[in-house]
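Participant: Just so you know, the sequences run in chain order A and B. Sequential numbering of the first sequence, starting at 1, is according to the numbering used here. Sequential numbering of the second sequence, starting at 1, is according to the numbering used here.
No wet-lab data here; the hints were simulated from the structure. There could be a bad hint or two in this list.
[Stated by the list, open to error] Here are a few chain A residues that face chain B, going by a calculated C-beta distance under 10 Å:
| id | residue |
| --- | --- |
| 1 | 1 |
| 2 | 6 |
| 3 | 58 |
| 4 | 77 |
| 5 | 79 |
| 6 | 100 |
| 7 | 124 |
| 8 | 147 |
| 9 | 162 |
| 10 | 177 |
| 11 | 184 |
Ideal Cβ positions, reconstructed from N, Cα and C, are used throughout, including at glycine.
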Amino acid sequence: MIRLEAPFTEEKIRSLKVGDMVELSGTIFTGRDAVHKWLHEGNEPPVSLKDGVIYHCGPVVIREKGKWVVKAAGPTTSIREEPYQAGIIERFGLRAIIGKGGMAEKTRQACQKCGCAYLHAIGGAAQVLAEAVKEVENVYEYERFGSPEAIWQLRVENFPLVVTIDAHGNSLHKEIEAASAARLTESFARMAAAKR
Amino acid sequence: MNATQQKKFLEAFIEIIRKTSTELPKDVIEAVQKGMQAEQAGSNAKYAFEIIEKNIGLAKQKSQPLCQDTGSILFYVHYPRKFDGEALAKVMRKAVVDATKKGYLRQNSVDSLTGKNSGTNIGPGSPSLHLEPWNKDHFDVRLMLKGGGCENMGVQYSLPDNRIGAGRDVAGVKKCILDAVQNAQGKGCGPGILGVAIGGDRGAGYLESKEQLLRKMGDKNPDPVLAGIEEETVREANTLGIGPMGFGGKTTLMGVKVGALNRLPASFFVSVSYMCWAFRRQGAQVSAKGEIKKWLY
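Assemble the whole structure, with the sequences as input and the hints as a guide.
Facilitator: Written out as structure tokens, the structure is:
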């Protein structure tokens, strides 16, 4: 288990490799569809994302005794941000993306070029991940995007993740998909042989 | 339905929604544990399973949604013939509104043209109510909450399919099922459970594929051909090495459930619904007075 403190240095991110299991602590920012499209359209983020972390998440946040409390905070599917992510990593100097389901070629290349990593959260584990969120530090663009799509600045502790795209050009998603494609061919052959 | 009955039924439906959203059924938990035991200590797959198991316990303990995507709300209800189906549907919609207010369901239903969230989970097609009268005195209420991540991994094949070399026979059906698993990779929040329908028209096929998911995990298909397809495709899918969340590992699928509908001679559809590990389905036997008598899973 590797413990990480956000924000990061490029060196720290480059020390990670695909398959590393990490626990992340520090400040992260949520951003999903609306935020990515908006940044891609040329808007500036309301807070610096330099060396920071974007989390693909639309949390359930409620107001309790004058404070924001996160009730559920699982990841959403990252691939929807593929058209925007590489540009955003490069423009704003992001060091890590958290999400689920993995990302594709453009993001993998941007991670390699800029020194960024994709950290995979466990989809569906809303309660474990909500427990790891210790504090809502701020919220931005709440009026513009509404609660799930707003930029929430969260302080997390020991947020459990797996590195699935590293800064060296490796992608676990790409590796697993290629390996399973080969095994699928074997499986088809086995089933055809059993039929005879 | 008088006012007292309405109140009792409303409470029963809210409780069914709460339990479905916050607790996994026993048969699914057992399948998760079995998957977890198969994985190697220290692997990414084991790590994923450990977090999944912790999440299942925590959601139940806190009585909060297991997954924040509380999904499509799919009700399957049999009700005594003498009851008014429309009045029942009205109570069910009210239960959805109230369960949303209580936080058991996320505000999760959006107008497809304007993008506006109704905030109540009520709108055209939501919740999805399948109501059928029957000749018994009690109600059989089943509910499935199916998140968007796994729903997006559903797929329908029209055989023959030249891309995967699937013909119009059992061998072709099996190829479709495995191809669907390969395409989903980890994106459907695996390890998954597949509901599959062979035949039907396109609409009926998808409906049947979801209804297959109402079967218990460990049951055996009474049709030996379908049972054979289920066993073989689970076994083969678990050789692919995709694993939980697509991290790699031994457990890619926890189950396959297959049903067959008649088809037109000209059509041969294979419809696949992918269900995530957070397989939220529950059911209850409810008395004519609106009391929950027994949980079904």
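Participant: Next, verify each hint and record whether it holds.
Facilitator: Hints versus structure:
1. 1: holds, 9 Å
2. 6: violated, 19 Å
3. 58: Check passed: Cβ of residue 58/A comes within 8 Å of chain B, closer than 10 Å.
4. 77: At about 5 Å, which falls below the 10 Å cut-off, the nearest Cβ of chain B leaves the hint on residue 77/A intact, so it holds.
5. 79: holds, 7 Å
6. 100: holds, 7 Å
7. 124: The hint holds - residue 124/A has a Cβ within 10 Å of chain B, the shortest such distance being about 4 Å.
8. 147: holds, 9 Å
9. 162: holds, 5 Å
10. 177: Nearest chain B Cβ about 6 Å off; hint holds.
11. 184: holds, 5 Å
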